[in-house]
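Keeping their order, the protein sequence lines are chains A and B.
Those letters in the first sequence? Residues 58 to 202, per our numbering, in order.
Those letters in the second sequence? Residues 10 to 141, per our numbering, in order.
Quick caveat, the hints were computed from the structure, so don't treat them as lab data.
It cannot be assumed that every hint is accurate.
[As the list claims (entries may be wrong)] Below are the DSS-like pairs computed for lysine-lysine, each with C-alpha atoms no more than 27 Å apart in a straight line:
{"id": "1", "chain 1": "A", "residue 1": "LYS194", "chain 2": "B", "residue 2": "LYS14"}
{"id": "2", "chain 1": "B", "residue 1": "LYS79", "chain 2": "B", "residue 2": "LYS114"}
{"id": "3", "chain 1": "A", "residue 1": "LYS84", "chain 2": "B", "residue 2": "LYS11"}
[Said to hold, decoys possible] To list a few chain A residues with every Cβ distance to chain B over 10 Å, as calculated:
{"id": "4", "residue": "ILE71"}
{"id": "5", "residue": "LEU91"}
{"id": "6", "residue": "PHE102"}
{"id": "7", "residue": "LEU114"}
{"id": "8", "residue": "TYR115"}
{"id": "9", "residue": "ALA118"}
{"id": "10", "residue": "VAL127"}
{"id": "11", "residue": "ILE130"}
{"id": "12", "residue": "TYR134"}
{"id": "13", "residue": "LEU157"}
{"id": "14", "residue": "PHE172"}
{"id": "15", "residue": "ASP198"}
{"id": "16", "residue": "VAL201"}
[Claimed, not checked] Footprint (simulated), chain B over chain A, 3 or more residues, beta carbon under 8 Å:
{"id": "17", "segment": "103-113"}
{"id": "18", "segment": "141-154"}
{"id": "19", "segment": "160-168"}
All C-beta atoms in this analysis are idealised placements derived from N, C-alpha and C, irrespective of residue type, glycine included.
Next come the chains, spelled out residue by residue.
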Amino acid sequence: MYVSQVLMSALTNIEIVSLLIILTTKKFGVKALLSVYIFVFCEIFTYGLSIWVINYLYVWAILWLAVFLVREIDSVYIYCIISALFGILFGTFCSVPYFLTGGLSGGIAYIISGFWYDMLHCAGNLISTAILYLPLKRAIDKLVK
Amino acid sequence: MKNKKLSVILSAILIVVIAGFAALVIAKKPEVQKGGKDITVTVVFKDKTEKEYEISTDAEFLGDALLEEKIVTEDEYKNGNGMYTVIAGERADYTLDKSWWCLTKGGETVNVGINEQPISDGDSFEITNTPA
Chain A
58 MYVSQVLMSA LTNIEIVSLL IILTTKKFGV KALLSVYIFV FCEIFTYGLS IWVINYLYVW
118 AILWLAVFLV REIDSVYIYC IISALFGILF GTFCSVPYFL TGGLSGGIAY IISGFWYDML
178 HCAGNLISTA ILYLPLKRAI DKLVK
Chain B
10 MKNKKLSVIL SAILIVVIAG FAALVIAKKP EVQKGGKDIT VTVVFKDKTE KEYEISTDAE
70 FLGDALLEEK IVTEDEYKNG NGMYTVIAGE RADYTLDKSW WCLTKGGETV NVGINEQPIS
130 DGDSFEITNT PA
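Let the sequences and hints guide you as you build the complete structure.
The following block contains the structure:
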């Protein structure tokens with residue numbers, strides 16, 4: 058997750074971390090949370106402490122939880138939609154500290170100003186999951202029986 | 010059958026969320042005022058000192074007004090993304106300085122960047138060097 062994020066960091070809001078969380082959660086269930094938080098702490102170690110750290114402590118766990126609840130389902134379409142929903146709501150999920158520090162107007166301004174980035178995130182997640190879900194799932198199933 | 014039902018529900022939620030966001034962005038879009046305007050721009054520097062600019066302009070957007078007054082550089086204005094690292098000669102580059110320029114209007118957070126922020130007569134803006 059960490060390596061993919063660093064390699065793709067030049068592409069704003071395009072990532073496969075979401076897809077990797079989906080796949081590892083489906084395969085490993087609760088244990089996937091460990092990889093999620095190893096990723097989070099690698100990010101903190103790389104980019105330093107700032108307000109985004111608060112977001113990262115909970116935002117990826119939201120995706121993990123959503124996938125954990127439906128992990129028995131094996132439908133590319135459903136995971137594409139979950140990934141897309143996570144992408145478009147990422148900014149909203151991350152706006153909590155801004156509501157706390159800037160009030161209602163501050164939080165809403167944060168959400169609105171990030172709208173196009175969230176749309177990009179949504180589209181990126183949808184496309185990457187649609188293309189890579191099955192090949193990566195097969196690879197993981199082969200590697201980990 | 011269960012998968013199909015869940016697919017439909019999730020798809021509907023995604024469509025509603027996208028439509029909801031689009032409606033919010035459209036509803037919150039600030040209006041443009043044409044003609045001459047007098048505005049105030051206060052730049053708050055890293056050391057907390059302030060410089061106030063009284064600007065008379067026909068510009069519709071704040072970026073244009075700041076460029077007229079040479080508060081922003083033409084290079085950064087032209088790159089079009091509205092992200093400025095140098096305001097009134099002081100740099101606040103997130104990657105280098107771990108700080109950024111925060112735009113507010115009358116002390117309130119705004120929804121758009123400097124280049125997209127419309128201006129009206131009597132508006133007061135603050136651009137603050139903010140640590141990350």
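The hints, checked one at a time:
1. LYS194/A x LYS14/B: Holds: LYS194/A and LYS14/B sit about 23 Å apart, inside 27 Å.
2. LYS79/B x LYS114/B: Holds, because 20 Å separates the two Cα atoms, which is no more than 27 Å.
3. LYS84/A x LYS11/B: holds, 21 Å
4. ILE71: Its Cβ never comes within 10 Å of chain B, the nearest being 17 Å, so this holds.
5. LEU91: holds, 27 Å
6. PHE102: holds, 16 Å
7. LEU114: holds, 17 Å
8. TYR115: Its Cβ never comes within 10 Å of chain B, the nearest being 19 Å, so this holds.
9. ALA118: holds, 19 Å
10. VAL127: violated, 7 Å
11. ILE130: violated, 6 Å
12. TYR134: TYR134/A not clear of chain B: closest Cβ-Cβ about 5 Å, inside 10 Å.
13. LEU157: holds, 13 Å
14. PHE172: Nearest chain B Cβ is 5 Å from PHE172/A, so the label is violated.
15. ASP198: holds, 19 Å
16. VAL201: Correct as stated: the minimum Cβ-Cβ distance to chain B is 24 Å, above 10 Å.
17. 103-113: Since three or more residues must qualify, the claim that chain B covers the segment 103-113 of chain A holds, with 3 doing so at under 8 Å.
18. 141-154: Held - the segment 141-154 of chain A has 4 residues with a Cβ nearer than 8 Å to chain B, which meets the minimum of three.
19. 160-168: It holds, with 6 qualifying residues against the three required.
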